[in-house]
Amino acid sequence: MSREAGKSRSPSASEVWKALAEIPDPEIPVVSLVDLGVVRDVEVDGERVRVEFTPTFLGCPAQEVMRDRMADAVRALGAQPEIDVVLDDSWSTDRITPEGRRKLQESGFAPPHPRAAAGPTLVQLESHAFRCPYCGSADTRLENLFGPTPCRSIRYCTSCRQPFEQFKTI
Amino acid sequence: MQAPPETRVEAVLAFADDELVLGWRDSEWTGIAPFLEEDVAFSSIAQGEIGHARALYELAAGALGGDADALAFDREPDEYRCAPFVELRLVGDWAATIARHWLYETADAIRVAALMESDWPELAGLAAKMDREEAYHRMHAQMWAERLRQSSESRRFEDAVAELWPHALGLLAAGKRERLCELVGRSPVEPVERGTHTEELRPLLEEMTLVRRSVPGAAW
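Chains A and B supply the protein sequences, listed in that same order.
Residue numbers for the first sequence follow this note's numbering, so the first one is 216 and each next one is one higher.
Residue numbers for the second sequence follow this note's numbering, so the first one is 137 and each next one is one higher.
Honestly, I wouldn't trust all of these hints.
Residues on chain B that point at chain A, a partial pick, calculated with CB under 8 Å [as the list claims (entries may be wrong)]:
1. K265
2. Q278
3. A281
Treat the hints as calculated values from the structure; they're not laboratory data.
The beta-carbon is built from N, C-alpha and C at its ideal position, and this holds for glycine as well.
Model the full assembly from the supplied sequences, consistent with the hints where possible.
Take a look at the structure:
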């Protein structure tokens, strides 16, 4: 936190977005909070910065850490943070940015499928529509609907014999 | 926000209590589920239910004034509004645990769908968010129910469903029970109603609040 004590300033909204885009997700650090799409809005009012934040999964233990790091980032810009946690239906895995999806893929983490209107179904998850992030084969099977964090499922690639994590579609 | 009527806050609290207590019961399988993948899955489901409870307590605390943790942990056992169904300690009996899981998720889907239509916008939005996550709990319950029905132990599963059925009916308000009967394929029976508790609730709450009572204000 490199600002002089007592000096506050009014950052621009794009400065705030840029700072938030540098905060890694606590559980999947290859993507940032902006990549994840959990920052819904940024409003600058003088020295006060209001960030609207929609958590991914309600049971995700990283929520507090995300909130605190966003507040720290706003303070580092010399402004007073107000982080509003919005628990409504506005976050879906469809909000992960193309950049975020690319980063997930490159780190061996299969990005989520687009959400169908009726939501995911077992028939879909047990189909061969999911590609291995390592070899690209669609010859993969569902190993476990649940994984090490609420947002992940585990699949297995029969082609390169590699288990991998699949971001759940919600 | 317009203050929601007291009865609606009560309904949110009852829902929160159901999710908290069931999440606790599910977490009792952590480390001893039938195999490793299931250990991960059931622990994740428990975490999901407790996350939902937290959001519901926060909503109720916002309407009532006060603190979500105090609602979750500081009430007397008689003040909890959870259904007896979620209190039953089934750890050790996987067939009964899956029977409850399947019945609960089926009933919960009916409840959540109704709340998504609530004219309390914060509740409707939260219910919709929960529903996205619950879709995975429902798929998990469905997979296991089918697996046990096709296994050599199918009788154990069906017996557990029959035994738990009056409890499961009591989870829902009277007007929603007919739909549950249809989905589960069972006839209505005398339900075990919400408003009473099993003897298993008190020891559960004592265990759940041990740290909070021993070290007030503990945080980690």
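Each hint, compared with the structure:
no. : hint : in the structure
1   : K265 : 5 Å, holds
2   : Q278 : 7 Å, holds
3   : A281 : 12 Å, violated
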